[in-house]
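> Sequence:
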Amino acid sequence: MKEKEEIKEKYIIHGRRWFDKINGNTYHVISITTTSDSKKIYSSPNMEYGYGDHYRQTAYKELVRLGRVKKEDENNHDLNRERFIYFCSDVQRKKDL
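Numbering (my numbering), first residue to last: 1168 to 1264.
Treat the hints as calculated values from the structure; they're not laboratory data. Any given hint could turn out to be false.
As the list claims (entries may be wrong) - With a Cα cut of at most 30 Å, we get these calculated DSBU-like pairs of lysine-lysine:
no., residue 1, residue 2
1, K1237, K1206
2, K1177, K1238
3, K1206, K1262
4, K1262, K1207
5, K1177, K1228
6, K1238, K1228
7, K1228, K1175
8, K1237, K1207
9, K1175, K1262
10, K1261, K1206
11, K1238, K1207
12, K1238, K1206
13, K1207, K1177
14, K1188, K1238
15, K1262, K1228
16, K1228, K1188
17, K1237, K1262
18, K1228, K1261
19, K1206, K1228
20, K1237, K1188
21, K1188, K1261
22, K1238, K1175
23, K1177, K1206
24, K1261, K1175
25, K1207, K1228
26, K1175, K1207
All chains, please: the whole structure from these sequences, using the hints.
If you want it as structure tokens, here you go:
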């Protein structure tokens, strides 16, 4: 008989990216929400440098810091679609971050 698997919390990661056309840099902010109660557990206080899917790494780093995921999950977090829902919006203005 199999042991009952631990039910893990699921998270919605919402990134917002802005491209600084003058300097050629991309910045992002993130918010993290739980799916069980729709509670926002983290929202970026400041924008961070990073292009592409870097917002996912920022979210993972914050989930580790908050004690929500274990650091050993690091190599697996991008592939674990059962636990993380990612989406990102590109915004035109810095103040929209």
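> The structure should be examined with respect to each hint, and the outcome stated for every one.
Results for each hint:
In summary, the hint linking K1237 to K1206 is supported, as the alpha carbons are separated by about 20 Å, within the 30 Å threshold. With a C-alpha separation of about 16 Å, the suggested pair K1177 and K1238 falls inside the 30 Å cut-off, and the hint holds. Under the criterion of a C-alpha separation no larger than 30 Å, the hint pairing K1206 with K1262 is consistent with the structure, at around 24 Å. Our distance criterion of 30 Å between C-alpha atoms is met by K1262 and K1207, whose separation comes to about 21 Å.
At roughly 16 Å between alpha-carbon atoms, K1177 and K1228 fall within 30 Å of each other, so this suggested pair holds. Between K1238 and K1228 the CA atoms are separated by roughly 9 Å; this keeps the pair inside 30 Å, and the hint holds. For the hint linking K1228 to K1175, the alpha-carbon distance of about 18 Å falls within 30 Å, and the restraint holds. This hinted pair checks out: K1237 and K1207 have alpha carbons roughly 19 Å apart, not beyond 30 Å.
Of the pairs offered as hints, the one joining K1175 and K1262 is violated, with about 35 Å between alpha carbons and a cut-off of 30 Å exceeded. Under the criterion of a C-alpha separation no larger than 30 Å, the hint pairing K1261 with K1206 is consistent with the structure, at around 26 Å. Of the supplied pair hints, the one linking K1238 and K1207 holds, its CA atoms being roughly 21 Å apart against a limit of 30 Å. Taking the CA atoms of K1238 and K1206, the gap is about 22 Å. The hint holds against a cut of 30 Å.
A C-alpha spacing of about 12 Å is found between K1207 and K1177, which places the hinted pair at or below 30 Å, so the restraint holds. A C-alpha spacing of about 35 Å is found between K1188 and K1238, which places the hinted pair above 30 Å, so the restraint is violated. Annotation: proposed proximity of K1262 to K1228 holds, straight-line Cα distance about 24 Å (limit 30 Å). At roughly 27 Å between alpha-carbon atoms, K1228 and K1188 fall within 30 Å of each other, so this suggested pair holds.
A distance of roughly 33 Å separates the Cα atoms of K1237 and K1262; the hinted pair therefore is violated under the 30 Å criterion. The straight-line distance between the Cα atoms of K1228 and K1261 is roughly 23 Å, inside the 30 Å bound, and the hint therefore holds. Taking the CA atoms of K1206 and K1228, the gap is near 19 Å; set against the 30 Å cutoff, the hint holds. Among the hinted pairs, K1237 with K1188 is inconsistent with the structure: their alpha-carbon atoms are about 37 Å apart, more than 30 Å.
The hinted pair formed by K1188 and K1261 meets the criterion: a straight-line CA distance of about 11 Å does not exceed 30 Å. For a cut-off of 30 Å, the pair hint linking K1238 to K1175 stands: about 15 Å separates their Cα positions. With a C-alpha separation of about 11 Å, the suggested pair K1177 and K1206 falls inside the 30 Å cut-off, and the hint holds. The suggested pairing of K1261 with K1175 is violated, with an alpha-carbon distance near 35 Å, which exceeds 30 Å.
Simply put, K1207 and K1228 have alpha-carbon atoms about 16 Å apart, close enough for the 30 Å limit, and the pair holds. Simply put, K1175 and K1207 have alpha-carbon atoms about 17 Å apart, close enough for the 30 Å limit, and the pair holds.
When the structure is compared with the earlier hints, violations turn up for hints 9, 14, 17, 20 and 24 and for no others.
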